[in-house]
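Those protein sequence lines, which keep their order, are chains A and B. Sequential numbering of the first sequence, starting at 1, is according to the working numbering. Sequential numbering of the second sequence, starting at 1, is according to the working numbering.
Accuracy of the hints is not assured; some may be wrong.
Claimed, not checked - Stretch by stretch, here's where chain A covers chain B in the computed footprint (C-beta under 8 Å, at least three residues):
id, region
1, 199-206
2, 226-238
Said to hold, decoys possible - Restricting the straight-line Cα-Cα distance to at most 27 Å, the calculated cross-link-like pairs of lysine-lysine (BS3-like) are:
id, chain 1, residue 1, chain 2, residue 2
3, B, 213, A, 116
4, B, 98, B, 201
5, A, 118, A, 2
6, A, 96, A, 108
7, B, 223, B, 213
8, B, 98, A, 118
9, B, 213, A, 118
10, A, 116, B, 223
11, B, 107, B, 142
12, B, 89, B, 26
13, B, 213, B, 26
14, B, 213, B, 201
I should point out that these hints are in silico values taken from the structure, not numbers from a laboratory. We treat Cβ as the ideally placed atom computed from N, Cα and C, and that holds for glycine.
Below are the chains, spelled out letter by letter.
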Amino acid sequence: MKAVIMPGFSELIIVVNPTGEVTREGMLSIVMPWLYAPWPGTQERGIIEMTVPGDTLRALLVELSERYRQANVDFELINPRTNDLDFDYDVLVDGKNYVALAGGLDAKLKANDTVKVKVLWRWDG
Amino acid sequence: MLDQSELLRYNRQLIIPDFGEEGQGKLKDSHAVIVGVGGLGCASATYLAAAGVGHITIVDFDTVELTDLNRQILYGEEDIGKKKVIVAKRKLSRLNSKVEITPVLAKITEENALSLIDGAQVVIDGLDNSVTRLVVNSACVKQKIAYIYGGVSRLRGMVTTIIPGQTPCLACLRPEGAGGLGVLGVTPAIIASLQALEAIKLLIGRSPALAGKLLLFNGDDMKFQLLEIRRNESCPVCSPTLPR
């Protein structure tokens, strides 16, 4: 699948197999420049394009983690211990939490699905 | 000026290059406010008092409960039902009687936040929710006081040092995530120790290493990660270009 990625504040917004042009229109400035680490040349345009082997949400997250790993950024979205989403992140598909999808992380993504990967902050003390 | 007992007491840190008597003197003349004396605040208050920060204000409205004792190391079973700030003051004064401890029994709100942090050189986060943290963040930006955010859940934690006008503030980053997820006691101790270290460096005039950086701690896999963060030009709290 083709994934078009727009880094935001502390999240990645990803459009899967878009049928139209994807732009950053309406999005504000970026405050987490490390989200561009695997694709430094794309920072000015603000949009990253990536090809993913497979068509599931898990395949997308695994490929993303691999790209970041190659850039020496720890963005391990799937926890190898639990084989589920790591506790540092949340993932929404078209606004719906991945746990609510039939198939969960193994749900197949379709054209124009919008996946949001959020870095979770810590609020307990 | 340090007296003989202080020279002896702080000997192990006085011999650190770039710290010395001058650094100790600066700590002695400093005022730090710790907002919340729970898991994070108990640990940061302990280390700041031990290090000789001259004046520490501790703010909390809560009483000690049995469920606090896995992580809130200033309290014991005999303190259950007592006001945290009162017990914490007694314990911290026992640790270092030369430090002035001001206990403030109050819930932090938009109305009182500015006055609670007034006169401090640094505010250290010991809170347990996002709403109050954003209130404190906003007050620190207004008063131009450094704010050291720390947060934990389970075996994970985060720290960043916010220098108003220089680094992103907490609101810049539009932070998301839920609270009440559980905490293993050592996690706030680790994060609070890093907060205390940042505070001490800041108070003695050294650059805090976590200004403009977000440190992520993952105790499950024992990983630390340091990420660059930038100011949000449209931040409703700290953007110089937006009316407030």
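To see whether the hints hold, each was checked on the structure:
1. 199-206: Contact hint for the region 199-206 of chain B vs chain A: violated, 0 residues under 8 Å.
2. 226-238: Satisfied; 8 residues make the cut.
3. B:213 x A:116: Roughly 23 Å between the alpha carbons, so the hint for residue 213 of chain B and residue 116 of chain A holds.
4. B:98 x B:201: holds, 20 Å
5. A:118 x A:2: holds, 20 Å
6. A:96 x A:108: Satisfied, since the Cα-Cα distance of roughly 14 Å is no more than 27 Å.
7. B:223 x B:213: holds, 16 Å
8. B:98 x A:118: violated, 46 Å
9. B:213 x A:118: holds, 18 Å
10. A:116 x B:223: With a Cα-Cα distance of about 24 Å, the restraint between residue 116 of chain A and residue 223 of chain B holds, given a limit of 27 Å.
11. B:107 x B:142: holds, 19 Å
12. B:89 x B:26: Given that 27 Å is the threshold and the Cα spacing comes to 22 Å, the pair holds.
13. B:213 x B:26: Answer holds: residue 213 of chain B to residue 26 of chain B is near 25 Å, not above 27 Å.
14. B:213 x B:201: Since the Cα atoms of residue 213 of chain B and residue 201 of chain B sit roughly 15 Å apart, the hinted pair holds (cutoff 27 Å).
The structure fails hints 1 and 8 (numbered hints given earlier, in ascending order).
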